[in-house]
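Trainee: As a plain string of letters, each chain reads:
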Amino acid sequence: MTDAELLRYSRQILLPDFGIAGQERLRASGVLVVGLGGLGSPVAMYLAAAGVGRLVLADFDAVDLSNLQRQIIHTTAQIGRPKAESARIALAALNPDVELVTVKRSLVEETLPDIVAGVDLVLDCCDNFQTRFAVNAACVAAGVPLVSGAAIRLEGQVTAFSGQPGGPCYQCLYPRDGGIDETCSTNGVLAPVVGIIGSIQATEAIKILTGLGEPLFGRLLLLDAALMQWRSLRLPADPSCPICSVTRP
Amino acid sequence: MATTLRFTPNLYRHLDCPDTCVAGATVREVLDAYFQANPRARGFLLDDQGAARKHVAIFVNETLIRDRTGLSDPVGEGDEIFVAQALSGG
Numbered sequence: 598m599t600d601a602e603l604l605r606y607s608r609q610i611l612l613p614d615f616g617i618a619g620q621e622r623l624r625a626s627g628v629l630v631v632g633l634g635g636l637g638s639p640v641a642m643y644l645a646a647a648g649v650g651r652l653v654l655a656d657f658d659a660v661d662l663s664n665l666q667r668q669i670i671h672t673t674a675q676i677g678r679p680k681a682e683s684a685r686i687a688l689a690a691l692n693p694d695v696e697l698v699t700v701k702r703s704l705v706e707e708t709l710p711d712i713v714a715g716v717d718l719v720l721d722c723c724d725n726f727q728t729r730f731a732v733n734a735a736c737v738a739a740g741v742p743l744v745s746g747a748a749i750r751l752e753g754q755v756t757a758f759s760g761q762p763g764g765p766c767y768q769c770l771y772p773r774d775g776g777i778d779e780t781c782s783t784n785g786v787l788a789p790v791v792g793i794i795g796s797i798q799a800t801e802a803i804k805i806l807t808g809l810g811e812p813l814f815g816r817l818l819l820l821d822a823a824l825m826q827w828r829s830l831r832l833p834a835d836p837s838c839p840i841c842s843v844t845r846p
Numbered sequence: 049m050a051t052t053l054r055f056t057p058n059l060y061r062h063l064d065c066p067d068t069c070v071a072g073a074t075v076r077e078v079l080d081a082y083f084q085a086n087p088r089a090r091g092f093l094l095d096d097q098g099a100a101r102k103h104v105a106i107f108v109n110e111t112l113i114r115d116r117t118g119l120s121d122p123v124g125e126g127d128e129i130f131v132a133q134a135l136s137g138g
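These protein sequence lines map, in sequence, to chains A and B.
If you want this note's numbering, it's the 1-based position in the first sequence plus 597.
If you want this note's numbering, it's the 1-based position in the second sequence plus 48.
All the pointers check out, no bait thrown in.
Subject to a maximum C-alpha distance of 20 angstroms in a straight line, what follows is the list of computed EDC-like cross-link-like pairs (lysine to aspartate or glutamate):
(1) A:804 to A:621
(2) B:102 to A:835
(3) B:102 to A:774
If you're looking for bench data, these hints aren't it; they were derived computationally from the structure.
Treat the numbers as computed from the prediction; the structure is a model and nothing was measured.
Given the sequences, and given the hints that come with them, work out the whole structure.
Mentor: Structure below.
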């Protein structure tokens, strides 16, 4: 590690149980961020700033003026540009040492396995159930940890799945094809709420990649920002889950 | 045998569902008793077969229940049922 790297990351290297070994683990890691919107913005920015070695930035959409209230990685000058490219430009300026890969097409079940198999961790920051279930299935199949976040109005949910046999997966929590997508564009969202949930996702990702602390595996945090109340709920694995039960011993 | 029944704020847009105490020995019995006074809630939480809808997650004392069809988990005095809903926004 160079002197410049030691200085750049010094405030987290100072942390007990993190140290230079933790920083080197981050630098050796590859992470997929699915969605560069309200959640993906703080997620990608924190992970790049923290020194994750390779970030795969996936989003098929383009930056719109109505995004800028909460999708803080994008700027007015990037309106009309693909979000993945806009994010790449912002992250390259934030930390030029991070390898940045963009995926500007929609992630579907056919393309996800190859992408997921090439990373150490996935963050689900998307805005639709179809992608959430597909990302979950790809993570379970590849044994890759998944940090899942969602937010709308003044509410948020965040959890993590180890990807290892024995633990729950997203489909243990919500059976497939049950949800009707409620989007921020039709229901509204308070900007800092996605920031809170995205920041927790980034925290969990760094913890999992470095072995710091105790990950959120098997627990679901719910935020009610109107009352600023949190709930921590336990998620046992579903023995009949069609996705993860087949990988269980 | 009263169990406290609480709902995610997400459902407040559809239902008038303040926290309430309901008698019943299982999740099914508590919900059925609640639906008698709040019939509109049934369609939001359960499907036509009486199972929890797929976008709904039910927790007893902060642990996700596994029997989404029979809703057979036992509950009693001092217990809490919390009903959450899947969010997709990001």
